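Asks: Next come the chains, spelled out residue by residue.
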Amino acid sequence: MPPLSLTRLMLRDFRSYPALTAGFHGRIVVVAGENGVGKTNLLEAISLLGPGRGLRGARILEFGLHGPEGPLPWAAAGRFRGPSGEFDIGTGTPEGGPAERRVFRLDGQPAKSQADLAERVAAVWLTPQMDRLFQDGAGDRRRFLDRLVWALEPHHAREVAAYDNAMAQRNRLLAGERREGRAPDPAWLAALEDAMARHGVAAAAARRGLVGRLNAALEGGITGAFPAARLSLHCAVAAALDQAPALAVEDGLRAGWAAERGRDAAAGATLSGPHRADLGFTHVPKSLPAALCSTGEQKALLVAVVLAHAALIEQTRGFAPLLLLDEVAAHLDAPRREALFGALAALPAQAFLTGTDPAIFAPLRGWRRCSAPCPGRSFRMAIFPCRKPPESLYYG
Amino acid sequence: MIEHDPVEHLIGLLAKLPGLGRRSARRAVLRMLMQPEQAMLPLAAALRDAAAAVRRCRLCGNLDARDPCGICRDPNRDHGVICVVEGVAELWALERAHAHRGLYHVLGGTLSALGGIGPEDLAVQPLLARIAEGGVEEVILALPATVDGATTAHYLTDRLKPAGVPVTRLAQGVPMGGALDVLDEGTLAAALKARRAV
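Chains A and B supply the protein sequences, listed in that same order. FYI, the working numbering numbers position 102 of the first sequence as 102, with every residue one higher than the one before it. FYI, the working numbering numbers position 146 of the second sequence as 542, with every residue one higher than the one before it.
No lab work stands behind these hints: they were computed from the structure. A couple of the hints might just be wrong.
Distance windows between CB atoms, simulated [to be verified]:
| hint | chain 1 | residue 1 | chain 2 | residue 2 | range |
| --- | --- | --- | --- | --- | --- |
| 1 | B | 510 | A | 234 | 27 to 33 Å |
| 2 | A | 186 | B | 593 | 32 to 38 Å |
| 3 | A | 335 | B | 568 | 49 to 55 Å |
| 4 | B | 485 | A | 70 | 33 to 39 Å |
| 5 | B | 491 | A | 84 | 38 to 44 Å |
| 6 | B | 440 | A | 99 | 48 to 54 Å |
| 7 | B | 443 | A | 70 | 36 to 42 Å |
| 8 | A | 97 | B | 485 | 20 to 26 Å |
| 9 | B | 514 | A | 333 | 58 to 64 Å |
| 10 | B | 514 | A | 97 | 29 to 35 Å |
| 11 | B | 494 | A | 251 | 37 to 43 Å |
| 12 | B | 494 | A | 186 | 37 to 43 Å |
| 13 | A | 136 | B | 514 | 33 to 39 Å |
| 14 | A | 251 | B | 510 | 24 to 30 Å |
Computed cross-link-like contacts, DSS-like style, restricted to lysine-lysine with a CA-CA straight-line distance of at most 27 Å [claimed, not checked]:
| hint | chain 1 | residue 1 | chain 2 | residue 2 |
| --- | --- | --- | --- | --- |
| 15 | A | 112 | B | 412 |
| 16 | B | 557 | B | 589 |
| 17 | B | 589 | A | 112 |
Keep in mind it's a predicted model, so treat the numbers as computed, not measured. Cβ coordinates follow ideal geometry from the N, Cα and C atoms, glycine included.
Bound conformation, chain A alone:
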């Protein structure tokens, strides 16, 4: 079965690109160039062809190239080859529509929802901003985990959004009580807590399930020579699911939130629930929590998790996600870089790598020149910026 691959990308007025048409006829595409030439913008455009807000999590207004009167309407379109054949996905601001709206097209037709895209395309990414994942708050690690779950279970995004929505409404009602001294309608609060319990338990169960599967994949040595990582989910709701059926956990949450209304009103926030979950990483060979590891080791842990995740998606959905690895190789020492390239070669996934120094990708060139490690697979290299026509974008 052919891996999911992006064969052509077209951009119009996207970030730093007034216009771009590029073909990607390879399984590993390297985008090398100096700072500011648009390497990450290119990866971001690819990430926007799937569901979500892309690898920078940016607002829609930030995507348009800046003209004299502000951001211009933008468009990004990709042609993919996947297990079910060739298809096109396009996204951008609607023609003549508001600049803060984004629309999707699937094979030229309006996509009904982002879930339609999720069925065809998945992308996982690592960016330099994610290096702070171990230092930043639990929210970033939770969002990282949610994105991993979402790629495997498109429904998860809806559960998390529904939970967040109900919780925001509960907080608003409780804040009204604090501000105006008016007690909120208890039946309304109970209705919101019911929604939080149903969606929150579903979200926690999905996170718990994925962490278990990722750990099983990592223990099975799915990342090859890459150092193994182990994940741990710190979430009271997920822990409760180990002891009791989901319906009982839902009842417990409802009762808990009902009892904690006074405390939460005083705090101005809901202080317990699956939105407080955190994700822990352990460097298995050293038995060290990630926060105590070196920057390079932390990067290696993230890469291991992302590779294991890609392999899980491939097992579950029949196609591996696109791997968008921004400035990843530069942080790794030579043996780890070799391990990364080896793991990428073993995965049936298309990978996009960026870097400022083309020399660090030299091992890839070597593979291409000699016989490919896997029959029928070739590696290409792209250098940006490129003044040559798109078809001569590659060398290898």
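Dock chain B against the given chain A, drawing on the hints supplied.
Replies: Leaving out everything else, chain B in the frame of chain A:
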């Protein structure tokens, strides 16, 4: 001046309607302008008549030329069953299905703390008053399967409990003629949860 151009003015008014963008409004106006006598003047008269005659039903909140509306007046309908809907569009959808032979109650929205819509903004009290009058044997909640819809349904169930009237809600699951493998996971899970003996 463009802004005083009657054609542009008409296109602008039509484009504000749901389901019509400027492009479709322009096409509709162009078609009407081809035959103003046959297409425009009767439309203008129909708009005027509807605006003058149609009112909210004081019992259920439906829009009708009569008050109470035709549904509430109909002696052949089951006055013991009230179906609660978010708006008139949902009432019309259920009427098109010919599946409900009882009465309706239009809530006028769903609860939304973020949207500033509370119970007092919805027709909750009139619903409780209708039930207090007696004769209601079942209340069907036909609200959207969204967070706000589910919250409103839960809220109404709680408020209706003291009245002792059985409250039901619409099933969620496999659509008629739908194949299982194309259903989203949420709908499939809801359908499995709501399975029943055959």
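Asks: Take the hints in turn and mark each one as holding or not.
Replies: How the hints compare with the structure:
1. A beta carbon spacing of about 29 Å between residue 510 (chain B) and residue 234 (chain A) agrees with the range 27 to 33 Å that was offered as a hint.
2. Here the CB-CB span from residue 186 (chain A) to residue 593 (chain B) is close to 36 Å, well matched to the stated 32 to 38 Å.
3. The hinted window of 49 to 55 Å between residue 335 (chain A) and residue 568 (chain B) holds, with their beta carbons roughly 54 Å apart.
4. Range check, residue 485 (chain B) to residue 70 (chain A): about 36 Å between beta-carbon atoms, so the 33 to 39 Å window is met.
5. The given range of 38 to 44 Å is respected by residue 491 (chain B) and residue 84 (chain A), whose C-beta atoms sit roughly 40 Å from each other.
6. Against the hinted window of 48 to 54 Å, the Cβ-Cβ separation of residue 440 (chain B) and residue 99 (chain A) comes to about 36 Å, which falls outside the hint.
7. One distance hint, 36 to 42 Å for the beta-carbon pair residue 443 (chain B) and residue 70 (chain A), holds here, with the actual separation near 39 Å.
8. The hinted window of 20 to 26 Å between residue 97 (chain A) and residue 485 (chain B) holds, with their beta carbons roughly 24 Å apart.
9. Checked against the given bound of 58 to 64 Å, the beta carbons of residue 514 (chain B) and residue 333 (chain A), roughly 60 Å apart, stay inside it.
10. As the Cβ distance of residue 514 (chain B) to residue 97 (chain A) is approximately 32 Å, the hint placing it in 29 to 35 Å holds.
11. At roughly 39 Å, the beta-carbon separation of residue 494 (chain B) and residue 251 (chain A) lies within the given 37 to 43 Å, and the hint holds.
12. The supplied range of 37 to 43 Å is met by residue 494 (chain B) and residue 186 (chain A), whose beta-carbon atoms lie about 39 Å from each other.
13. The supplied range of 33 to 39 Å is met by residue 136 (chain A) and residue 514 (chain B), whose beta-carbon atoms lie about 37 Å from each other.
14. At roughly 26 Å, the beta carbons of residue 251 (chain A) and residue 510 (chain B) sit within the given window of 24 to 30 Å.
15. Simply put, residue 112 (chain A) and residue 412 (chain B) have alpha-carbon atoms about 22 Å apart, close enough for the 27 Å limit, and the pair holds.
16. A threshold of 27 Å between alpha carbons decides the hint, and for residue 557 (chain B) with residue 589 (chain B) the separation of about 24 Å falls inside it, so the pair holds.
17. Taking the CA atoms of residue 589 (chain B) and residue 112 (chain A), the gap is near 26 Å; set against the 27 Å cutoff, the hint holds.
Going down the numbered hints, you'll see the structure goes against just number 6.
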